[in-house]
Amino acid sequence: MDALAGLLDGPRARGAFLLRSSWSGRWGLRILAESPLTLLAVPRGELWILPDGGDPLRVGAGDIAITRGPDHYSVVDHPDTEPTITIFPGQDCRDENGDTVEESMSLGVRSWGNHHDGETIMMVGAYHSFGEIGDRLLRTLPPVLVLPEQQWQCPLVPVLDDEVVKDHPGQIAVLDRLLDLVVIAALREWFDRPDADPPAWYTALSDPVVGTAIQLMQANPAQPWTVSSIASASGVSRAVMAKRFTELLDEPPMTFLTNWRIDLAADLLRQPDLTLGAVAQQVGYSTPFALSSAFKRVRGVSPQVHRETVSSRLPTTSYANSQASPPPRAT
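Residue 284 in my numbering sits at position 284 of the sequence shown, and the numbers go up by one each step.
Don't read these hints as lab results, they were simulated from the structure.
Worth double-checking, as some hints may not be accurate.
[Claimed, not checked] Have a look at the derived ranges for each label pair, beta carbon to beta carbon: (1) Asp197 with Gly277: 39 to 49 Å; (2) Asn259 with Gly25: 44 to 54 Å; (3) Val165 with Ala200: 33 to 43 Å.
All values reported here derive from a predicted model rather than from experimental measurement.
The C-beta atom is built at its ideal place from N, Cα and C for all residues, glycine as well.
Using the sequences provided together with the hints, build the complete structure.
Okay, structure coming up:
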């Protein structure tokens, strides 16, 4: 597992909100959903993203955009259009009168909009939660990024467009995996741009010493690592490892490992069936007490308090991702 894959391999990849929307004429959406990360892909037509406090951004056919929550923004057919529909947290869609429009604008399985064969087709993939591991990635992104078709060509976008409207057994899992693959490809392209300012952990992957160390620790967090054992596995001396790692990441190897283990534990604690002992074993702590002590030292709260807090924030399943969607309505 490399760092980018690791940061995108978390509990937030289960049951992501996916929808294909079709639009004609004047239309506008005010997005207050505050999803931690949302993919917007445009197979046909064009749209504009209006970030609060930012400049309008055009997204044309073949382009994709990624937005980062909790920032608010609008998605419209033209920069001068005033949104008439607001998307609230939980994908609660309401018109200017406050009436729900989820079912009235349904066009079939995971399909929505004001026209069955609209001038503009927009695919939306919104993550309910990115977890603690994923948050390392989100902190490095701008509120909105746009990748023009000329800058990248991803064959997965047409596949996602085709699959999103299917109603087969296990389809949600298929869509989650496809969405993750598109996002990983997009972020890799974004960080690899000549003018990019990627995070230190990403650039460090290209270093033959530190990159190897990062992958070892992330792939095997339960291993009883020391600076010496990491250095030995990477083929360098302890002194070289300590110096090189701190130079590139601005933190020593053991601090990086501790933060990774605690972030991983925080994500595992979202799973109610995992005991604290099982979590401790998976992230490299010999006892639940040892994990609790480290967790509270880093996070300021106990694992139990963290678990109770995140459990109270779990999202409800949206109608758009249910296997049985409302019947189509004509516009």
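Each hint tested on the structure:
no. : hint                           : verdict
1   : Asp197 with Gly277: 39 to 49 Å : holds, 41 Å
2   : Asn259 with Gly25: 44 to 54 Å  : holds, 50 Å
3   : Val165 with Ala200: 33 to 43 Å : holds, 41 Å
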